[in-house]
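Fit the two chains together into the complex; they arrive one by one in their own frames, and the hints show the way.
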Amino acid sequence: MATVALELSGVSKRYGRRYALRDVDLSLAAGSALGLLGPNGAGKTSALRMLLGFTRPTAGTVRLQGLSPRDPASRVGLAYLPERLTLPSRMTVGSFLRHHAVLAGLNGAEIDRDVEAVLAQTGLTARVRDRIGSLSKGLTQRVGFAQAFLARPNLLILDEPTSGLDPIGVRDARDWILAARERGCSILVSSHLLSEVERTCDQVAIIDEGTLAAKGALDEIVEAGETLEDAFVRLVGK
Amino acid sequence: MRPATTRIFSELAREALRDAMRRRIVPVIAVFALLSLLAVDSCTSCAGSSQVAQNGKQVSVDDISGWAGMLIFSVLSLWTMVLAGLLASDHLAETVFDGSANLVLARPVRRSEFALARLAGALGIAYVTGAVVLTASTYLLYLRNGVSLGAAVWAGLACAAGAFVVAALAMALSLRLARVATAMSVLFLVGAITFVNVFTLFGASLGRVGHVLQYFTPPLCTAVVVALKPWIAPVAPAVDPTIMALKLGFWVVASALILLAAFRKQELGS
Numbered sequence: 001m002a003t004v005a006l007e008l009s010g011v012s013k014r015y016g017r018r019y020a021l022r023d024v025d026l027s028l029a030a031g032s033a034l035g036l037l038g039p040n041g042a043g044k045t046s047a048l049r050m051l052l053g054f055t056r057p058t059a060g061t062v063r064l065q066g067l068s069p070r071d072p073a074s075r076v077g078l079a080y081l082p083e084r085l086t087l088p089s090r091m092t093v094g095s096f097l098r099h100h101a102v103l104a105g106l107n108g109a110e111i112d113r114d115v116e117a118v119l120a121q122t123g124l125t126a127r128v129r130d131r132i133g134s135l136s137k138g139l140t141q142r143v144g145f146a147q148a149f150l151a152r153p154n155l156l157i158l159d160e161p162t163s164g165l166d167p168i169g170v171r172d173a174r175d176w177i178l179a180a181r182e183r184g185c186s187i188l189v190s191s192h193l194l195s196e197v198e199r200t201c202d203q204v205a206i207i208d209e210g211t212l213a214a215k216g217a218l219d220e221i222v223e224a225g226e227t228l229e230d231a232f233v234r235l236v237g238k
Numbered sequence: 001m002r003p004a005t006t007r008i009f010s011e012l013a014r015e016a017l018r019d020a021m022r023r024r025i026v027p028v029i030a031v032f033a034l035l036s037l038l039a040v041d042s043c044t045s046c047a048g049s050s051q052v053a054q055n056g057k058q059v060s061v062d063d064i065s066g067w068a069g070m071l072i073f074s075v076l077s078l079w080t081m082v083l084a085g086l087l088a089s090d091h092l093a094e095t096v097f098d099g100s101a102n103l104v105l106a107r108p109v110r111r112s113e114f115a116l117a118r119l120a121g122a123l124g125i126a127y128v129t130g131a132v133v134l135t136a137s138t139y140l141l142y143l144r145n146g147v148s149l150g151a152a153v154w155a156g157l158a159c160a161a162g163a164f165v166v167a168a169l170a171m172a173l174s175l176r177l178a179r180v181a182t183a184m185s186v187l188f189l190v191g192a193i194t195f196v197n198v199f200t201l202f203g204a205s206l207g208r209v210g211h212v213l214q215y216f217t218p219p220l221c222t223a224v225v226v227a228l229k230p231w232i233a234p235v236a237p238a239v240d241p242t243i244m245a246l247k248l249g250f251w252v253v254a255s256a257l258i259l260l261a262a263f264r265k266q267e268l269g270s
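Here the protein sequences come in this chain order: A and B. The first sequence begins at 1 in the numbering used here and counts up one residue at a time. The second sequence begins at 1 in the numbering used here and counts up one residue at a time.
Isolated chain B, as found in the complex (with noise of 0.2 Å):
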């Protein structure tokens, strides 16, 4: 009989998960997580004993600490991203093109338990990563800036519904594409999504190509903003958090649904 599915699942997750761990770029990511933490530890600790002058008058820290700290977010969010998509652009990939998914794939297990595992292994040190930075940096924000931490709470489950996003169509994409074409597509998309999202967000129009962006892109980076709102009051973008959280809820089903249809096409080598 066959195992049951959450058994399958959790065993192939757990490997994955152990194969992202050997691999030699986290011991990378671990020292551009500290300093990270490092610079923004440096960004926050002026509160209080600096001035900051905007066209020659004085402006508190205070007034502008909400903005650093929206900015140092999403930077980390994008960046927690970013780091998925790389991680995942040869994770399943590697494993199909050296033929190691096919002792896996001849036991009875399904395409999609596979993927799926794959994409939690490489996911895995991303939300570990971007957990720790995210959550050390809003302790930080909090401490000495007094931010809402209910707003860093839900921008992180933002940032890691992003980073969902762009790990499965990262994987989805390395079925077709090479290793470093799919990582320049990770940062090329990401980047410009990016680039249209916050200029769209407050108020600039990009012409046709960028209002295409804006509409039919995951918000990686408005659901972020927007999630931090509280942050920036009273100057916010006029977004409907509801509808962001819908779209990226549906970016989400969107990008495992490509991703399962591209791996269930994929043939296999022997």
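Here chain A stands alone, though its shape is the one from the complex (with noise of 0.2 Å):
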């Protein structure tokens, strides 16, 4: 396994005459959790996709886990979760994640064992047979997030993975991610919910109109007597 699970080298994303990032230096190393903030419109999206391999950079060189994110290789291992989840609502939840554990590379019985774990996981074991266009907002988004646990991933991006859920998704949620760091799982969460990112990430990046405002472990970035929020306001100056 790669040591630095994912960077970004000088990279720049041009869309006409906007840049949506400029000359990002980004990495994460293996093992670590690190929140990706900014406002609206900063770029962080932008970043994700590129390091998915969705869009090329327009400069600079994006590596996932060692390899061009455009080597599927470089996504053995990975699992995402997008911010604008959509699922195909004529599949069953259970035959949509049977889907996904073939792609994610499980064989045969590991199959079965995976999905009614990851089931039992975000609590839709009833809901297997279940259309997924029938399920509510936050269901769909515990689909997104057992589809992400299966295969037991080594990178788990996360474009804003509470959207959707109710107090109790949320705290579920960040559960499952913290688990999933404690046995050695790397973590992008790109997110708005400043205190998730706090209790879950052991470092933060802020991306602000495209360039890297800060980047660095949490109590780098936090001064004394700050919260993550202050220190963001700070840093994207407003």
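It is worth saying that the hints were derived from the structure and are not from the lab. Being a predicted model, the structure only gives us computed values, none of them experimental. A virtual CB, placed ideally from N, CA and C, is assigned to each residue, including glycine. Check each hint, because a few of them may be wrong.
[What the hints assert, rightly or not] Partial chain A-side listing against chain B, Cβ under 10 Å, derived:
#1 T61
#2 Y80
#3 R90
#4 G94
#5 S95
#6 A109
[To be verified] Dumping the calculated SDA-like pairs for lysine to any residue here, alpha-carbon to alpha-carbon at most 20 Å:
#7 K215(A) <-> A30(A)
#8 K265(B) <-> Y15(A)
#9 K265(B) <-> F97(B)
#10 K265(B) <-> V170(A)
#11 K137(A) <-> Q58(B)
#12 K265(B) <-> K137(A)
#13 K137(A) <-> M91(A)
#14 K137(A) <-> R70(A)
#15 K265(B) <-> A59(A)
#16 K265(B) <-> K215(A)
#17 K265(B) <-> R63(A)
#18 K265(B) <-> G16(A)
#19 K265(B) <-> G60(A)
#20 K265(B) <-> A30(A)
#21 K265(B) <-> T58(A)
#22 K247(B) <-> Q214(B)
#23 K137(A) <-> D172(A)
#24 K265(B) <-> R111(B)
#25 K137(A) <-> G99(B)
#26 K265(B) <-> V104(B)
#27 K265(B) <-> T61(A)
Structural data, given as structure tokens:
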């Protein structure tokens, strides 16, 4: 396994004349949890899209588990939960999870075992035969988490993971993320919920207007007597 | 370790086919297929019992049955190709633009595997429909008019290749155009190519534009008609079947490459 889970080096991304990201350097050591923060439109989503190989950088290099994100091998052991989660509404929860279990590289009995485990973990066991389209937003988000935890990933990329969850769901999600972290999974979380980032991550990167405003351990970013929210407001100047 | 390409592709293709089968258009296709078969049954049931006159002169029904068969087979083949194009016109694009492709492509899945699997899903429905209507029609023509089955097999393969080309190009186009625009493009292109193919096959000249279309576009209709040569002999188009097969083969490969290149360049949202 690579010692650096993911890395952006001098990365810029331009859409027409507008820079979504400009000369950003960012890395996540294997086994660490990094919270990616920034105001709306700061460039967080562009960074995630490049890390996953969904778009190419205009300049700079991106490495995912030591490889180019365009190389499918870079996504072995990776799980992703997007902000706007669109799941196939006509599939049942069970068939959707089995489909992703195969794509994640599981075989035979492993598939049933893992699917049952993530269903139990995310409280969806009773919903296994329900069509995804019939689920509430919160339950759909739980299905998203369930697919992310299949095959015990070693790198989790989560974009606004608690979006649509009720307070109990938020607490559950935090527990799942912390459990993944405890077993050595590298985690990148993009979130607006600073308190959640504070509880789940040991490092923080703040992006503002496409540039990296700050990056470091939580205790380096947050000054004495400050909360992460205070530090965030101080650093983005708003 | 990344799962084997065959395992990933078969899983994705199975799901793409299931996804295609869940669409509301499928019952409509089934009804159209049934109506087509009823029409073919009606069109071929006059053998031996009707009289046909051409320019006031009596013509045996058997003399024109080959032409009628060729016409029926060609129309149904073109219908299958258009169907493939229409099904493909959002089968990949929908997953890209609603973001559902992202979860799959965040797995160790190649874009080429995903795109070709979606193509296979759309083609699966078109092929099954095409196989049913063409086989049933050929069987009726064989029973009632005695057409040769070998020619129908080759024409069926030409139809399958044409459907692949139309579907792959429609899928590539759908990444740039809205669904309705893609569907209209499919109808227009298949229609224009067929028009030029038919007129050129029997010696008509359609000017420079017609020549360019005939020479540089996939021989969708020409390939089917050329395969059915034995049905319309001795009046048959003077086109070498080998050249036609090579040209169609070229377009199968080219359309797949165009689709893969378009999807490789496609930026995905998150």
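Results for each hint:
1. T61: At about 18 Å, which exceeds the 10 Å cut-off, the nearest Cβ of chain B leaves the hint on T61(A) violated.
2. Y80: 4 Å, holds
3. R90: 5 Å, holds
4. G94: It is violated, given that the least Cβ distance between G94(A) and chain B is near 14 Å, above 10 Å.
5. S95: 8 Å, holds
6. A109: 16 Å, violated
7. K215(A) <-> A30(A): 16 Å, holds
8. K265(B) <-> Y15(A): 15 Å, holds
9. K265(B) <-> F97(B): 14 Å, holds
10. K265(B) <-> V170(A): 37 Å, violated
11. K137(A) <-> Q58(B): 72 Å, violated
12. K265(B) <-> K137(A): 32 Å, violated
13. K137(A) <-> M91(A): 16 Å, holds
14. K137(A) <-> R70(A): 31 Å, violated
15. K265(B) <-> A59(A): With a Cα-Cα distance of about 16 Å, the restraint between K265(B) and A59(A) holds, given a limit of 20 Å.
16. K265(B) <-> K215(A): 32 Å, violated
17. K265(B) <-> R63(A): 19 Å, holds
18. K265(B) <-> G16(A): Holds - the C-alpha atoms of G16(A) and K265(B) are around 16 Å apart, at most 20 Å.
19. K265(B) <-> G60(A): 18 Å, holds
20. K265(B) <-> A30(A): Not OK: K265(B) and A30(A) at ~30 Å, beyond 20 Å, violated.
21. K265(B) <-> T58(A): Distance ~13 Å between K265(B) and T58(A) Cα, so the pair holds.
22. K247(B) <-> Q214(B): Holds, at roughly 11 Å.
23. K137(A) <-> D172(A): The given pair, whose Cα atoms are some 15 Å apart, holds under the 20 Å limit.
24. K265(B) <-> R111(B): 10 Å, holds
25. K137(A) <-> G99(B): Distance of about 16 Å is within 20 Å: holds.
26. K265(B) <-> V104(B): 17 Å, holds
27. K265(B) <-> T61(A): 18 Å, holds
Hint check: violations occur at hints 1, 4, 6, 10, 11, 12, 14, 16, 20; the rest are consistent with the structure.
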